[in-house]
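Fit chain B to the given chain A structure using the hints.
If you read the protein sequences in the order shown, they are chains A and B. To convert, count from 1 in the first sequence and add 2; that's my numbering. To convert, count from 1 in the second sequence and add 59; that's my numbering.
By construction, these hints were calculated from the structure, which means they are not laboratory data. Positions of the beta carbon are idealized from the N, C-alpha and C atoms, including for glycine.
What follows is a set of in silico ranges between Cβ atoms, one per label pair, in the way DEER data are often shown: (1) A:Pro193 - B:Val97: 48 to 56 Å; (2) A:Thr74 - B:Ile65: 25 to 33 Å; (3) A:Arg147 - B:Pro181: 48 to 56 Å; (4) B:Thr240 - A:Asp188: 49 to 57 Å; (5) B:Ser291 - A:Arg147: 21 to 29 Å.
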Amino acid sequence: MKEQSKSNRWLTAVLLTPTGLWFAFMLVLPLIVILVFSFGERAPVGGYAGGFTLEHYANLGARLKAFTNTLTYAPVGTLLSLLVAYPLAYYLAIKVNRRYKLILLVLVIVPFWTSLLIRTYAWIYILGGKGLPSILDWIGFEGVRLINTPGAVLMGIVYGYLPLMVFPIYVSLEKLNKSYLEASSDLGASPYKTFMQVTLPLSMPGVATGCMLVFILLMGEFLIPAFLGGGKVFFIGNALVDLFLQSRNWPFGSAISITLVVIMLITVSLYMRMTMRNSKTGVDESLM
Amino acid sequence: MRIYAIAVYLFLYVPIGIIVLFSFNAGNHASELRGLSVQWYGKALSNPFVGDAFITSLVIALTVAVLSSLMGTAAALALQRLKGRMRVLFDGLIFVSVMIPGIVIGIATLVALVTVFDFLNPILASIWPEGSQAPKLHMGYASVIAAHTLFTMSLVIIMVRARIAGMDRALIEASMDLYATPWRTFYQVTLPQIYPAILAGFLLSFTFSFDDFIISFFVAGPNTTLPIYIFSSIRRGITPEVNAIGTMVLVGSLILLMTAQYLMRERDKTK
Chain A
3 MKEQSKSNRW
13 LTAVLLTPTG
23 LWFAFMLVLP
33 LIVILVFSFG
43 ERAPVGGYAG
53 GFTLEHYANL
63 GARLKAFTNT
73 LTYAPVGTLL
83 SLLVAYPLAY
93 YLAIKVNRRY
103 KLILLVLVIV
113 PFWTSLLIRT
123 YAWIYILGGK
133 GLPSILDWIG
143 FEGVRLINTP
153 GAVLMGIVYG
163 YLPLMVFPIY
173 VSLEKLNKSY
183 LEASSDLGAS
193 PYKTFMQVTL
203 PLSMPGVATG
213 CMLVFILLMG
223 EFLIPAFLGG
233 GKVFFIGNAL
243 VDLFLQSRNW
253 PFGSAISITL
263 VVIMLITVSL
273 YMRMTMRNSK
283 TGVDESLM
Chain B
60 MRIYAIAVYL
70 FLYVPIGIIV
80 LFSFNAGNHA
90 SELRGLSVQW
100 YGKALSNPFV
110 GDAFITSLVI
120 ALTVAVLSSL
130 MGTAAALALQ
140 RLKGRMRVLF
150 DGLIFVSVMI
160 PGIVIGIATL
170 VALVTVFDFL
180 NPILASIWPE
190 GSQAPKLHMG
200 YASVIAAHTL
210 FTMSLVIIMV
220 RARIAGMDRA
230 LIEASMDLYA
240 TPWRTFYQVT
250 LPQIYPAILA
260 GFLLSFTFSF
270 DDFIISFFVA
280 GPNTTLPIYI
290 FSSIRRGITP
300 EVNAIGTMVL
310 VGSLILLMTA
320 QYLMRERDKT
330 K
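One chain only, chain A, in its complex shape (with noise of 0.2 Å):
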């Protein structure tokens, strides 16, 4: 018996070997090395030379706005997007025909599956001065401008990460007992009584996994306020990539990478311990 437990452990650690090591090299050096960075100096070609200093991170107010933007836009983005998927993943889940339900939940998907830079770029040409411009300049509202504007930012969030928070969603209200439902209204609940004391509480799970997923991505976003906000409304995303590809200054963009890094993991430990208390449920984790 001993003999075996002894070969089990040596099992488990050949297998999991690989994946320590890609931590440990991908993960762990890369974020120790942009950590030393973020407290030296910047070299006068660019770059980094060494050095003991917190004045990248006394600077972070130079770029106040990007992480102003992102911390209005991710959450504002995230609830839109969460208004948005609500109704049609409940519609998928609870009205819809049976026999088109697949059908219609493949075509939610294979938007997800294809790539946001193309999805994103079409919206430059409806949004575009020759698109919905054009047609509301013909009907009669003129000189309207739709983008680089914070709405096509949101247009652009909504659009997509729309898939993102519908499956989820739909995936714990298909879970959820349809029995329950009938109970409810049997009992005299009517329906808006029985979606706010039935129907949600149980579709929480679903929801706060949407929820988070969209949040996560948006913190990081770069493509769509580079196609959509046109300089106008920026993350940190396209600060960041303004600092390492044209200004090369690596220490003050390693300070907003560590920055970056250290809001998402509180705000992100901080829901996740939120919705834990709730709804006693928490995000799933089967859902991700």
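Below, chain B alone, put in the same frame as chain A:
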């Protein structure tokens, strides 16, 4: 309710439809439709840059998918019997690797690898035998694959682990009781049950890697992946050629998704 659903589906598909429609534009201007033709498909297909970028993306995505499903599955299987401090450590690493934004992974990998290469290259050059050219480490395929795999491997671990959690333990015990070797138990009992999760993880890894722009943008070095090519074309000004490439990518992913569905269903039938 129904009208709402139709509106959302229109919202999802009209932009895609517009890309497809404009890819058949006969005119040279991206935003004016002047008759239909397939000339831009011809142009895209005969453009060597597009072909190279496609091959690069394909090679990277396939390698990422294979590596992540192998390593992710192995780790998921090992983690279920790991307890104590190591388990907490791995759970933490998995959490951080899926939560950290892609852009930070890209930046951190770029900075770390450039630093490591700057350190190693002179050493390599000095220990290399005289007369022959020492190999020079640089960013390229390997760095993109390594950075993508960090994220996709964790995805596979999460998916396979969820499947293992829902698995019937009694079957494994029965198999052991009937004197099957551990390997045989794995191959004939565990694997068939977790197979759908592995396949889904493989597909998700492939798609993630093939579509990723931001990580590759930082760590691809001189190589151009398809999303990088599309991004820089859009920056230079949109042409119908980009629409043609986009349409082909969309059709490609659709075929892949349908094949996967079909394969899964065939498997279910044979059971």
